Amino acid sequence: MASVDPFQPIVLTLPSFSPSLAVQVIPYGLTIHKILVNGDGKTHDLLIGPENPEEHGELRRFMNTIVGRYSNRIPTGDFTLEKNGITSQLHVDGNQDADVQLHGGHDGFDKRVFTPVDPSDFSAYSLFSEAEKEQIVQLMPAAAIFKFTSPDKDEGYPGQLDLEVLVALVQPGSAPKSKLEGEYELGSVIIVYRAKVEGEGGKKTVTPVNLTQHWGFNLDASLPSGTAGPTPGVTSQSLTINASDTLQLKANGLATGNYDPTKGTPHEHKEKPIGEKYPDPGYDSFYIFERQPSKPPSSRVPLDSLTTLNEVASLTQPSTVDEVPVELSSKDTGIRISFETNQPGVQFYTGIGLSKESGSRKKIHGGSGNIGDGYEPKAGAFLEFHEPLAAWQHPWGESHGDTLLTSDELYNNYTKLNVYFKRKE
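Per the UniProt record's numbering, residue 1 is the first one in the sequence shown, and the count goes up by one each step.
Calculated from the structure, these hints are not laboratory results.
A quick note: this is a predicted structure, and the numbers were derived from the prediction, not measured.
Check the hints yourself; a few may be wrong.
With a straight-line Cα cutoff of 20 Å, these simulated SDA-like cross-link-like pairs (lysine to any residue) come out [claimed, not checked]:
1. K42 to D332
2. K203 to G156
3. K422 to P224
4. K331 to S238
Label-pair distances were calculated between CB atoms; the ranges are [as the list claims (entries may be wrong)]:
5. E54 to D107: 25 to 31 Å
6. E398 to P273: 14 to 20 Å
7. P281 to P15: 25 to 31 Å
8. K272 to D118: 34 to 40 Å
9. G156 to P281: 27 to 33 Å
10. L180 to P377: 28 to 34 Å
Glycine included, every Cβ here is placed at the ideal spot set by N, Cα and C.
Construct the entire structure; sequences and hints are all you get.
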């Protein structure tokens, strides 16, 4: 197999003379480097991040990378895990501080190189069913498969974790119908994470798995600022998160095990401008979704059911969801994005830790592309879909999943991003 250039973008576009939707993915950290949309003859890049892909390897800032094995924050220490009679030992070191591991530890998945494989070579990947592989081939050339193996005891996590990820674009006709007059669909981006775990010598084991894409959106970032000033922020963009509660957090970001209601607080996002009731210093909270009666597929299914699984087909079909869990829109660009997912919640973060001095800014966002000319706080709305923090330790593990994966299960996590455009009158 030829060596993989970890920073060479793999470009996915919808087939058309002038693509309305395109995505660039780099193997390093399975990073979604760009999401390019064109609804009015002008190209917009919806993701903040560095100009040069190589910068993802120079500075660890979680800019549009995958996060794993475990998203968000979990406490450090040694833990005995048990699920369905299978046990293992977990050792967690801190990287945020001595008490907290953040986003998978010192050497998380965001720093690993994922190997692209040919989706038409069915022997090259095994965590999608034959029916799903046929569906993926129909999406080509707007589909890519990536593989990565995390060894046993990687960052203290038990078991060898084999991971395969589908990144694909879906034609507008398969996106949900527009809810606004004069608005039309540009297409959809789907990400499907699949994983299985195996213990030493082929023994059964259990490990925590909680993956997400740490992508930061700004629907106005490609608008000209008129000066050499900062990229337009996200505070005027309208956000909806259909959630009745956030997880209550300690000062260090660890979950307490309790909920905080969103009603009447800045966390009640119902088509509300992000800057309205903006808390100090910003948003960095996990929201539990209010679910419709039709519950999405589980993120863990029996491994022996893989042969009959065909979730990829449903992701390429028109949506049957009456109310999506998350939506972001801009009146200035006319761009609206909505999300569907089988994850029970989302971490909403407004880039509190961003600074102009740390990292660069894309030229399409008014930057020079040089380090020291980066994004400032409020420049992005990071929407990270995953399961609750350290769920196996808290009561919500019973209702929202314990985030544990056994050797008898298949990890099955998806997010679908739908893109719309409305021309300004």
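Point to revise | Contradicted hints - numbers only | key: 5, 6, 7 and 8
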